Amino acid sequence: MCQATNGPSRVVTKKHRKFFERHLQLLPSSHQGHDVNRMAIIFYSISGLSIFDVNVSAKYGDHLGWMRKHYIKTVLDDTENTAISGFVGSLVMNIPHATTINLPNTLFALLSMIMLRDYEYFETILDKRSLARFVSKCQRPDRGSFVSCLDYKTNCGSSVDSDDLRFCYIAVAILYICGCRSKEDFDEYIDTEKLLGYIMSQQCYNGAFGAHNEPHSGYTSCALSTLALLSSLEKLSDKFKEDTITWLLHRQVSSHGCMKFESELNASYDQSDDGGFQGRENKFADTCYAFWCLNSLHLLTKDWKMLCQTELVTNYLLDRTQKTLTGGFSKNDEEDADLYHSCLGSAALALIEGKFNGELCIPQEIFNDFSKRCCF
Amino acid sequence: MEEYDYSDVKPLPIETDLQDELCRIMYTEDYKRLMGLARALISLNELSPRALQLTAEIIDVAPAFYTIWNYRFNIVRHMMSESEDTVLYLNKELDWLDEVTLNNPKNYQIWSYRQSLLKLHPSPSFKRELPILKLMIDDDSKNYHVWSYRKWCCLFFSDFQHELAYASDLIETDIYNNSAWTHRMFYWVNAKDVISKVELADELQFIMDKIQLVPQNISPWTYLRGFQELFHDRLQWDSKVVDFATTFIGDVLSLPIGSPEDLPEIESSYALEFLAYHWGADPCTRDNAVKAYSLLAIKYDPIRKNLWHHKINNLN
Ligand SMILES: [Zn+2]
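Line by line, the protein sequences are chains A and B. Residue 108 in the working numbering sits at position 108 of the first sequence, and the numbers go up by one each step. Position in the second sequence (first residue = 1) + 1000 = the working numbering.
Simulated from the structure, these hints should not be mistaken for lab results. Here the structure is a predicted model, which means the values were calculated and not measured. Among the hints, erroneous ones may be present.
Unchecked claim - Each computed BS3-like pair below joins lysine-lysine, with the alpha-carbon atoms no more than 27 Å apart:
no., chain 1, residue 1, chain 2, residue 2
1, B, LYS1291, A, LYS239
2, B, LYS1210, A, LYS260
3, A, LYS183, A, LYS239
4, A, LYS15, A, LYS372
5, B, LYS1305, A, LYS153
6, B, LYS1127, A, LYS302
7, A, LYS372, A, LYS355
8, A, LYS331, B, LYS1119
9, B, LYS1032, A, LYS239
10, B, LYS1032, A, LYS241
11, A, LYS260, B, LYS1305
12, A, LYS305, B, LYS1305
13, A, LYS153, B, LYS1210
14, B, LYS1240, A, LYS69
15, A, LYS305, B, LYS1010
16, B, LYS1197, A, LYS153
17, A, LYS73, B, LYS1032
18, B, LYS1119, A, LYS194
19, A, LYS260, B, LYS1291
20, B, LYS1106, A, LYS241
21, A, LYS14, A, LYS59
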């Protein structure tokens, strides 16, 4: 990817592949704290490898049996004996008589299985109805938003968990993978109107989305991706869309014009961030926000590449946060590469190349193949 | 810390060295022991003091383990009903949570757990939450979770009386703190039925003073626009604000648009953008808007030149 027409590529592809591969191997005990969300580690690694054209289904196909073990189905103790199902992040969380599946691990696992091309799993093993029922139980009836897990005993939406746009996005993405496309499809499991109401309530005054009027690129991407998956982007007013495009483009850090006045005064400004994206006003640029901002822009306007001059953000990523020695990408120029920023930095570059499905965060070609093979 | 006896608990050991495992983690012996016990107690749903103690130890090694927060909450709810003094019991739990919060600034479960405790508390108090909020903001003045929690408290306690002063203090420390600026907007949006014209005029003066101090700062300009739109039906101050913004752009509007080198420096691109937005709304001043956007594209904010051209297209 990003192969210049002449001269060698600036992308250290081989190093990146090695970086992602390493995360699928033996990890030191310092990763214990992430054990509960191990599906996230697997997803970021496999997505990163897929972006760099590694045939992950051939390379990791042997691990499908182990992956499938993370899918847990529970028959509820109600009159209809209804079942719910989903994934745990790690088998450590598989505890008898306790419901521990959660939405993020479920989405990460499903996307990983799609990338591993385990189509048999989707066609014959995965129980989409009970999975969708689990999603449905995570919706808060009062607000329309989603929490990420159920009470381990009562199987009602957890009253200890938070609800926000991330979990709304994850819930809708899972249903989309289960085959929901039209509003009627979604309505079979969730209160779509109420969810849309919640999303609209997270619009901020000057464009973009966030909690209580503090706009945030990550939440903005979640909100817009959710609306896109629900085919509901047209619910946004033209003014709000225009304000959001303007807000997103303002997240691109610049060292030119009047912006350079900030270098002496603003402790969260660095001229060398030029071209990169920040998550909020007056923050340093950060690799992951290149993806969140570009994905948001790409959902709002077909002119997104021209508007943000993608060569500038490409330069920021390749020259500033790509780690040419170790592979991977770091959050900024100071830290070491980490898995999350490596995946999202690579994803941003793939999105620019038109090879990436930003709504689901996997390569477009993989999603196309999945849709062709598994039409439910 | 009290020592509890778990010797009668039959642990549910975690399986290790599975075939075809991905991301195999080299667990420490301590982690294996704690998880083995926790899995057993969760499975039995034992709601006891020793279970509570164990959840604290698990949270110490794996704060992202969502079920453990849920489990702890169920233990607290159960033991609270058995304790003689519910308030004291829940306050002790909040004290414990304060310590955990300080050690896990990026964890978000903590904040929703805290909300659940306050909802359970017979006499919750905003004042009790202020010290931990202050410590967390002192540590990271833009921590999104902490700000969201503060806003949740304002709504939960219907108490906004300290918010403007609080935001002012933080803006005093760092005039670029966008979280503090957006907190002001949160204040007005939620308090707007009970505010006077004097308060609004004071707020406008506050914004203008801060812009005067540092004109090239996106936060107060964005806030100014939002504030103006929020109260557009309440106060007529367009000309005052426009005159104010104009003082930051020199005489560039009257100069011919030549090459960037021929144009003088101005104090604030945001002032120019603010004016362009304002002028663009009125057909009589549309030409000014086009010129302002052109100037932004050529010299004052060139990275967004295609955005400015797009704005010009929208005007035509
Ligand atoms: Zn980041």
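Verification of the supplied hints:
Between LYS1291(B) and LYS239(A) the CA atoms are separated by roughly 22 Å; this keeps the pair inside 27 Å, and the hint holds. Restraint check: the Cα-Cα separation between LYS1210(B) and LYS260(A) comes to about 19 Å, which is no more than 27 Å; the hinted pair holds. Using a Cα cut-off of 27 Å, the hinted pair LYS183(A) and LYS239(A) holds, with the two alpha carbons roughly 25 Å apart. Distance restraint check for LYS15(A) and LYS372(A): the Cα-Cα separation of roughly 32 Å exceeds the 27 Å cut-off, and the hinted pair is therefore not satisfied.
Of the pairs offered as hints, the one joining LYS1305(B) and LYS153(A) is violated, with about 56 Å between alpha carbons and a cut-off of 27 Å exceeded. Distance check on the hinted pair: LYS1127(B) and LYS302(A) sit about 50 Å apart at the alpha-carbon level, beyond 27 Å; violated. Note on LYS372(A) and LYS355(A): the hinted pairing holds, with a Cα-Cα distance of about 17 Å set against a maximum of 27 Å. The straight-line distance between the Cα atoms of LYS331(A) and LYS1119(B) is roughly 37 Å, outside the 27 Å bound, and the hint therefore fails.
With a C-alpha separation of about 55 Å, the suggested pairing of LYS1032(B) with LYS239(A) is violated against the 27 Å cut-off. Restraint check for LYS1032(B) and LYS241(A): not satisfied, since their Cα atoms lie roughly 50 Å apart, outside the 27 Å limit. Proximity of LYS260(A) to LYS1305(B) is assessed by CA-CA distance (about 16 Å); at most 27 Å being required, the pair is judged to hold. As the CA atoms of LYS305(A) and LYS1305(B) are separated by approximately 13 Å, the hinted pair is consistent with the 27 Å bound.
Taking the CA atoms of LYS153(A) and LYS1210(B), the gap is near 53 Å; set against the 27 Å cutoff, the hint is violated. Taking the CA atoms of LYS1240(B) and LYS69(A), the gap is near 67 Å; set against the 27 Å cutoff, the hint is violated. Between LYS305(A) and LYS1010(B), the direct Cα distance comes to roughly 59 Å. Violation of the 27 Å bound is thereby established for this hinted pair. Distance restraint check for LYS1197(B) and LYS153(A): the Cα-Cα separation of roughly 53 Å exceeds the 27 Å cut-off, and the hinted pair is therefore not satisfied.
Proposed proximity of LYS73(A) and LYS1032(B) is supported: the alpha carbons are some 25 Å apart, at most 27 Å. Between LYS1119(B) and LYS194(A), the direct Cα distance comes to roughly 24 Å. Compliance with the 27 Å bound is thereby established for this hinted pair. Distance check on the hinted pair: LYS260(A) and LYS1291(B) sit about 22 Å apart at the alpha-carbon level, within 27 Å; holds. Using a Cα cut-off of 27 Å, the hinted pair LYS1106(B) and LYS241(A) is violated, with the two alpha carbons roughly 31 Å apart.
Pair hint LYS14(A) plus LYS59(A) holds up; C-alpha atoms about 15 Å apart against a cutoff of 27 Å.
Taken one by one, the earlier hints fail for this structure at numbers 4, 5, 6, 8, 9, 10, 13, 14, 15, 16, 20, listed in ascending order.
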